[in-house]
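S.K.: Residue numbers (numbering that gives the first Met the number 0), protein chains in the order written: chain A, 0 to 162; chain B, 0 to 84.
Any given hint could turn out to be false.
Unchecked claim - Incomplete in silico selection of chain A near chain B, CB under 8 Å:
id	residue
1	His124
2	Gln125
3	Arg142
4	Arg146
5	Thr148
6	Leu149
7	Arg152
As the list claims (entries may be wrong) - Pair by pair, the computed Cβ-Cβ distance ranges are:
id	chain 1	residue 1	chain 2	residue 2	range
8	B	Tyr25	A	Gly107	20 to 30 Å
9	A	Arg75	B	Ile33	20 to 30 Å
10	A	Leu46	B	Gln12	51 to 61 Å
11	B	Gly52	A	Tyr96	16 to 26 Å
12	B	Phe36	A	Leu46	50 to 60 Å
13	B	Arg53	A	Trp157	45 to 55 Å
14	B	Gln16	A	Ser51	50 to 60 Å
Keep in mind the hints are simulated off the structure, nothing from the lab.
Heads up, the beta-carbon is just placed ideally off N, CA and C, and yes, glycines get one too.
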Amino acid sequence: MPEVPIWKDHFPISWVDDHFVTRREFTKSLVWVSLATFLANVVLAMLGRLKSLWGAEALPQVQIATVHDLPVGEARVFHYPAAGDPCLLVRLDVDRYVAFGQKCTHLGCPVSYRAADKQLYCPCHQGFFDAADGRVLAGPPSRPLPRVTLERRGEELWAISKA
Amino acid sequence: MGHQQSLMTPERQLRAQRAQQMSLIYTVMVCLAILVFVQFLLLTVALEGYLGGRAEMALPTAVVSGLCCAAAYWLLRYILVPGRR
């Protein structure tokens, strides 16, 4: 009977088996990655649920302009709900006002109003939004602009919530 | 046929068995890699929705991701269950 070298006691896995074990371990680790990704997704879903439950609190109501401040076809910037949230108030028609968040939903550049096309335009990457409802018309943005709900109180325009 | 069987020495049999095991592991690895890739895509979509104020998108992506995870575990059993190795 041939004598077994002592190193075989310490390293019993052959070269081929070593590869085999490594691949098996790698496959196991892939399943762990899969589980971690699933858990991350669950956490996001739970955060979203909590956000929708707790985030339903009312935003402040702020007077942003009077009906005489803005000629038809013009736009002006205001901040809502906080000072760091620029929004754009647009007077589309004599009696029609709309307001949207001014940050482009692509990469956050400020959008501006083009009265000729009744569009909101992002100059950074040529994004176009419909000024009537904020939906994307063209360009890289994939989401519509967040809409600010307005309320007219006599001669005053108030922002009362934001999508 | 009998001649072929006589050529199947224990060493060759072991080698063939090893090749079979390697094929199985590679197949499972590729399938798992595809599943994990899909899960990453789903996570990206969920994160995009969450940051964009459409948090309700995270629930269906979590469900599909869970199914992918279950499929990954099911595939792993092909390697880990001793009778199949």
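S.K.: Would you mind marking each hint as holding or not holding in the structure?
M.R.: Checked hints:
A hinted interface residue such as A:His124 counts as satisfied when its beta carbon comes closer than 8 Å to some beta carbon of chain B; here the least separation is about 16 Å, so the hint is violated. A distance limit of 8 Å between C-beta atoms decides the matter here; for A:Gln125 the minimum to chain B is near 20 Å, and the interface restraint is violated. Interface restraint check for A:Arg142: the shortest CB-CB distance to chain B comes to about 5 Å, inside 8 Å, so the restraint holds. Because the beta carbon of A:Arg146 sits about 11 Å from the nearest beta carbon in chain B, more than 8 Å, this interface hint is broken.
Proximity of A:Thr148 to chain B is violated relative to the hint, the smallest CB-CB distance being about 14 Å (cut-off 8 Å). For A:Leu149, the interface hint is violated, the least distance from its beta-carbon to any beta-carbon of chain B being 19 Å, above 8 Å. Interface restraint check for A:Arg152: the shortest CB-CB distance to chain B comes to about 27 Å, outside 8 Å, so the restraint is violated. Hint check: B:Tyr25 to A:Gly107, Cβ distance near 44 Å, so the stated range 20 to 30 Å is violated.
Distance hint check: the CB atoms of A:Arg75 and B:Ile33 are about 51 Å apart, inconsistent with the given range 20 to 30 Å. Taking 51 to 61 Å as the suggested C-beta distance range, the pair A:Leu46 and B:Gln12 conforms, at roughly 55 Å. Separated by about 22 Å at the C-beta atoms, B:Gly52 and A:Tyr96 satisfy the suggested range of 16 to 26 Å. Between B:Phe36 and A:Leu46 the Cβ separation comes to about 24 Å, which falls outside the hinted range of 50 to 60 Å.
Between B:Arg53 and A:Trp157 the beta carbons are some 26 Å apart, a value that contradicts the proposed interval 45 to 55 Å. A hinted range of 50 to 60 Å holds for the C-beta pair B:Gln16 and A:Ser51, which are about 55 Å apart.
In the structure shown, a violation is registered for the earlier hints numbered 1, 2, 4, 5, 6, 7, 8, 9, 12, 13, in ascending order.
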